[in-house]
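Q: What follows is the residue order along each chain.
Protein chains: 2
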Amino acid sequence: MKDLGISALDKLIDQLAQLPGIGRKTAQRLALFILKSDTQFASDLANAIINLKQNTHLCKRCFNIAEDDLCAICSDPTRDQHKICVVEDIVDVMAIEETHTYSGLYHVLGGVISPLAGVSPDQLHIQELIRRVQEEDIDEVLLAINPSTEGETTIIYISEQLKPFNVKLTRLASGIPIGSHLEYLDMATIGRAIQSRQELKKG
Amino acid sequence: MKDLGISALDKLIDQLAQLPGIGRKTAQRLALFILKSDTQFASDLANAIINLKQNTHLCKRCFNIAEDDLCAICSDPTRDQHKICVVEDIVDVMAIEETHTYSGLYHVLGGVISPLAGVSPDQLHIQELIRRVQEEDIDEVLLAINPSTEGETTIIYISEQLKPFNVKLTRLASGIPIGSHLEYLDMATIGRAIQSRQELKKG
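The listed protein sequences correspond, in order, to chains H and R.
Numbering follows the numbering used here, with no gaps: position 112 of the first sequence is 112.
Numbering follows the numbering used here, with no gaps: position 90 of the second sequence is 90.
Rather than coming from a laboratory, the hints here were simulated on the basis of the structure.
None of the values given here were measured: they were computed from a predicted structure.
Certain hints may be false.
Chain copies aren't distinguished; within one or between two, either way the pair holds.
Claimed, not checked - Computed list of lysine-lysine pairs in DSS-like fashion (alpha-carbon distance at most 25 Å, straight line):
| id | residue 1 | residue 2 |
| --- | --- | --- |
| 1 | Lys60 | Lys83 |
| 2 | Lys201 | Lys11 |
| 3 | Lys163 | Lys201 |
| 4 | Lys201 | Lys25 |
| 5 | Lys168 | Lys83 |
| 6 | Lys36 | Lys201 |
| 7 | Lys201 | Lys60 |
| 8 | Lys168 | Lys11 |
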């Protein structure tokens with residue numbers, strides 16, 4: 001669609017198109033929706049954006065999103081204080097929390113080691129993780145990092161760094177996703193599932 | 001993904017999820033992107049939203065988006081002042097402008113007649129269109145309304161209303177989209193293309 005030469009509209013379209021996964025057509029559609037919505041909606045949306053930036057920051061300990069110095073998980077005394085789940089991003093914390101299968105703490109790296117993208121270990125929160133393992137009473141570090149090439153590199157690097165410490169290192173199991181069919185899965189996933197096959201308990 | 005109990009984050013996710021085509025997961029991803037972006041980006045985005053609402057409104061004449069009383073198209077003296085292209089929405093103006101095949105004026109109805117959705121003719125800018133045809137020196141009204149059932153109803157309704165006036169009524173051609181294959185098209189489209197077949201000029 002052609003821009004209509006309305007600078008206020010073009011400016012919002014430009015801004016929206018910078019959001020991830022929002023192409024120019026979607027940005028135009030969103031901007032026109034905002035244009036046609038009532039003023040209350042637009043001002044609520046603008047305020048929510050400003051408010052998020054002003055009232056949140058990263059947790060001092062685990063780099064999850066926080067309103068206070070520590071995030072809601074770090075400051076929750078009912079969580080297991082001896083386990084750290086290491087993830088790439090805050091979205092991964094949200095995804096894991098939804099499963100209700102993990103009750104320990106987190107550590108958000110802020111990415112994975114990627115020489116191609118110019119991300120070196122010192123740009124991630126790895127030193128802070130090592131310090132936590134040294135200083136806090138941690139007995140397990142679960143490396144819940146996405147199994148990409150860069151993820152594997154990151155898992156190996158962190159494992160090496162944590163070797164000197166008396167801490168159990170674990171990683172997420174790889175295998176067949178629940179509900180999927182073998183015929184549609186890639187060879188690497190099937191291969192990993194065979195290698196990691198588990199013995200059935202005999203009734 | 002689970003909400004992390006951060007009210008500023010939840011509020012922005014709620015707002016973003018109200019945008020068309022933005023589901024909850026996308027809203028979370030966008031909110032986290034805004035969270036991690038620099039403050040400048042977030043404030044630019046918020047200001048662009050406010051600015052759009054404050055500095056634009058609908059054109060007094062054609063209901064396209066405008067910064068002044070009249071939109072950029074209505075106030076452009078080089079446009080053909082004797083043709084009106086009737087469309088449902090401002091996005092349609094943008095789509096048609098991009099083709100560079102139309103140089104007349106527009107009239108944005110603001111929707112189509114839809115008894116099921118409770119949209120009656122008096123909720124659309126049809127009276128204003130009739131007034132323009134009466135008062136302005138219009139010789140053609142192109143009904144560029146999407147060919148849905150409601151669109152057809154609207155085309156028929158407007159045609160009836162404009163019958164008393166000495167104005168040529170046209171509609172967009174229906175047929176085979178450029179670049180498509182017959183085998184993948186619906187019967188209605190192929191049928192229309194056969195009915196509307198055009199004679200080839202002999203060299």
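Q: Now look at each hint and say whether the structure bears it out.
A: For each hint, the structure was consulted:
no.: 1; hint: Lys60 to Lys83; result: within (17 Å within a copy, 64 Å between copies)
no.: 2; hint: Lys201 to Lys11; result: neither (62 Å within a copy, 47 Å between copies)
no.: 3; hint: Lys163 to Lys201; result: neither (33 Å within a copy, 81 Å between copies)
no.: 4; hint: Lys201 to Lys25; result: neither (55 Å within a copy, 38 Å between copies)
no.: 5; hint: Lys168 to Lys83; result: within (9 Å within a copy, 76 Å between copies)
no.: 6; hint: Lys36 to Lys201; result: neither (61 Å within a copy, 47 Å between copies)
no.: 7; hint: Lys201 to Lys60; result: neither (44 Å within a copy, 76 Å between copies)
no.: 8; hint: Lys168 to Lys11; result: neither (52 Å within a copy, 38 Å between copies)
Comparing the model with each numbered hint stated earlier shows that hints 2, 3, 4, 6, 7 and 8 do not hold.
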